[in-house]
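Q: Sequence:
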Amino acid sequence: MSSDAADAGEKKAALSLQWQMLGGFLTGLIAGLIVYMAAPDARWVDTVATYVTGPIGQVFLRLLFMLVIPLLVSALIVGIAEMGELRSLRRVGLRTLVYTLVVSGIAVVLSLVLVNLLRPGAGVDPAQAQALLADAGQGAKAILNRGGDTPTGVEAVLAIIPDNIVAAMAGNDILAVMVFALFFGIGLVMVQTDQSKLLLNAMEGLFEVTMRLMGLVIRLAPIAIACFMFNLAAQFGWDLLIRLSAYVGVVLLALALQMFGVYSLLIAFVARRSPLRFFAAVQEASVMAFATASSNATLPTAIRVAEEKLYLPRRIARFVLTIGATANQNGTAMFEGITVIFLAQFFGVDLSLGQQLMVMAVCILGGVGTAGVPAGSLPVVAMILGMVGVPPEGIGLVLGVDRFLDMCRTALNVTGDLVAATVISAGEDDGREEARA
Numbered sequence: 023m024s025s026d027a028a029d030a031g032e033k034k035a036a037l038s039l040q041w042q043m044l045g046g047f048l049t050g051l052i053a054g055l056i057v058y059m060a061a062p063d064a065r066w067v068d069t070v071a072t073y074v075t076g077p078i079g080q081v082f083l084r085l086l087f088m089l090v091i092p093l094l095v096s097a098l099i100v101g102i103a104e105m106g107e108l109r110s111l112r113r114v115g116l117r118t119l120v121y122t123l124v125v126s127g128i129a130v131v132l133s134l135v136l137v138n139l140l141r142p143g144a145g146v147d148p149a150q151a152q153a154l155l156a157d158a159g160q161g162a163k164a165i166l167n168r169g170g171d172t173p174t175g176v177e178a179v180l181a182i183i184p185d186n187i188v189a190a191m192a193g194n195d196i197l198a199v200m201v202f203a204l205f206f207g208i209g210l211v212m213v214q215t216d217q218s219k220l221l222l223n224a225m226e227g228l229f230e231v232t233m234r235l236m237g238l239v240i241r242l243a244p245i246a247i248a249c250f251m252f253n254l255a256a257q258f259g260w261d262l263l264i265r266l267s268a269y270v271g272v273v274l275l276a277l278a279l280q281m282f283g284v285y286s287l288l289i290a291f292v293a294r295r296s297p298l299r300f301f302a303a304v305q306e307a308s309v310m311a312f313a314t315a316s317s318n319a320t321l322p323t324a325i326r327v328a329e330e331k332l333y334l335p336r337r338i339a340r341f342v343l344t345i346g347a348t349a350n351q352n353g354t355a356m357f358e359g360i361t362v363i364f365l366a367q368f369f370g371v372d373l374s375l376g377q378q379l380m381v382m383a384v385c386i387l388g389g390v391g392t393a394g395v396p397a398g399s400l401p402v403v404a405m406i407l408g409m410v411g412v413p414p415e416g417i418g419l420v421l422g423v424d425r426f427l428d429m430c431r432t433a434l435n436v437t438g439d440l441v442a443a444t445v446i447s448a449g450e451d452d453g454r455e456e457a458r459a
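Straight run, no breaks: the sequence shown in my numbering ends on number 459.
What the hints contain is simulated information worked out from the structure, not anything from laboratory work. For each residue, glycine too, the CB sits at the ideal point set by N, CA and C. Treat the hints with caution; some may be incorrect.
As the list claims (entries may be wrong) - Now the in silico label distances, taken between C-beta atoms and shown as ranges:
#	residue 1	residue 2	range
1	V81	V423	19 to 29 angstroms
2	V188	V423	37 to 47 angstroms
3	G376	I56	25 to 35 angstroms
4	I183	M212	36 to 46 angstroms
5	L48	L274	14 to 24 angstroms
6	N223	T344	50 to 60 angstroms
7	A224	S286	35 to 45 angstroms
8	D372	P322	39 to 49 angstroms
Between the sequences and the hints, there should be enough to build the whole structure, so can you do that?
A: Right, here's the structure in full:
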């Protein structure tokens with residue numbers, strides 16, 4: 023009873039935080055629009071942004087960046103290692119890992135193609151964008167302590183493999199750090215000894231501690247979002263709302279194409295099932311995911327749907343769905359990719375092909391290692407923005423609509439887990455008979 027009460031309390035607190043974030047978004051937006059219309063050139067506005075709202079936002083970002091490396095490293099290592107923690111399911115675990123990386127890659131590529139074609143962030147006043155970019159970019163550069171040009175070509179490929187992991191962490195080279203975590207997690211899958219289990223337990227402990235600390239930092243998000251939105255709205259005015267509406271539309275379009283396009287093809291040609299029957303069977307789990315905006319809360323329903331309606335092998339369905347609740351997050355990866363490119367367009371930052379490929383790689387790995395806390399993708403998005411020279415303050419623009427988008431991408435995440443379980447089960451000999459037994 024005490025455990026159930028604690029879970030209920032956490033869900034209630036998370037929902038309350040979402041409403042507080044929405045409140046901060048609206049407060050900052052309305053105040054900024056009022057200032058934009060009433061006193062667009064007043065000096066006191068710059069003073070407030072420089073000495074009040076700006077520093078508050080910077081404190082929030084610094085706390086995020088302080089925790090993001092240990093959080094992502096531990097989350098990715100644990101997520102990968104858990105795929106092979108059962109010897110009897112090691113082959114299934116490796117297939118799940120490969121499937122997750124490939125399908126997440128397809129999701130991110132689709133997202134980047136759409137956001138580059140439709141360009142929802144383009145069209146704002148270039149002078150205003152460059153002015154705010156210059157002011158905010160200094161804060162981001164100070165936080166990340168990054169200097170020099172972004173490597174291109176062969177250098178960019180080599181740079182993702184760190185020759186010194188400590189130096190990569192100190193330099194906030196997030197992609198190199200995540201590649202190290204990926205290999206480290208695979209190593210833990212391959213080595214099944216008492217010592218490796220102790221190491222995995224230590225990583226789980228680090229993950230739990232950093233998640234708790236990140237949860238405390240996220241509680242400051244409503245205030246930070248209000249400050250971010252005030253600065254953005256006072257600078258860009260009504261263009262902000264137009265660009266935000268276009269951004270939401272692109273995110274929803276990308277999620278729909280992944281759901282009914284990519285997943286339908288996987289079900290039809292890989293799992294050799296009827297997509298219409300599949301979507302009819304998983305409807306209950308998808309609706310539950312949309313309503314709760316939580317993959318973990320939907321997990322019992324997803325397992326029951328997999329066993330009773332899709333007739334998947336019990337051991338495979340439970341393994342894949344349990345791992346998928348935290349590791350196979352196509353919707354989250356798509357959200358992160360679209361958000362980064364959208365904000366780059368909004369602030370007038372032209373990203374090279376190499377930079378966009380780097381964004382894609384981080385989003386793929388971030389979909390595996392994103393923490394399951396409210397606004398859990400926030401640290402990943404903020405870090406990628408800093409890496410490509412976009413002000414991390416821009417996250418305030420998208421967090422105001424994150425609750426609705428979170429519901430949509432969670433529905434995609436859970437449906438994607440069921441697709442993964444169906445595809446992976448299709449190659450197993452014990453197939454439906456075990457599930458029917």
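Q: For every hint, state whether the structure bears it out.
A: Each hint, compared with the structure:
no.: 1; hint: V81 with V423: 19 to 29 angstroms; in the structure: holds, 24 angstroms
no.: 2; hint: V188 with V423: 37 to 47 angstroms; in the structure: holds, 38 angstroms
no.: 3; hint: G376 with I56: 25 to 35 angstroms; in the structure: violated, 42 angstroms
no.: 4; hint: I183 with M212: 36 to 46 angstroms; in the structure: violated, 19 angstroms
no.: 5; hint: L48 with L274: 14 to 24 angstroms; in the structure: holds, 21 angstroms
no.: 6; hint: N223 with T344: 50 to 60 angstroms; in the structure: violated, 18 angstroms
no.: 7; hint: A224 with S286: 35 to 45 angstroms; in the structure: holds, 42 angstroms
no.: 8; hint: D372 with P322: 39 to 49 angstroms; in the structure: holds, 46 angstroms
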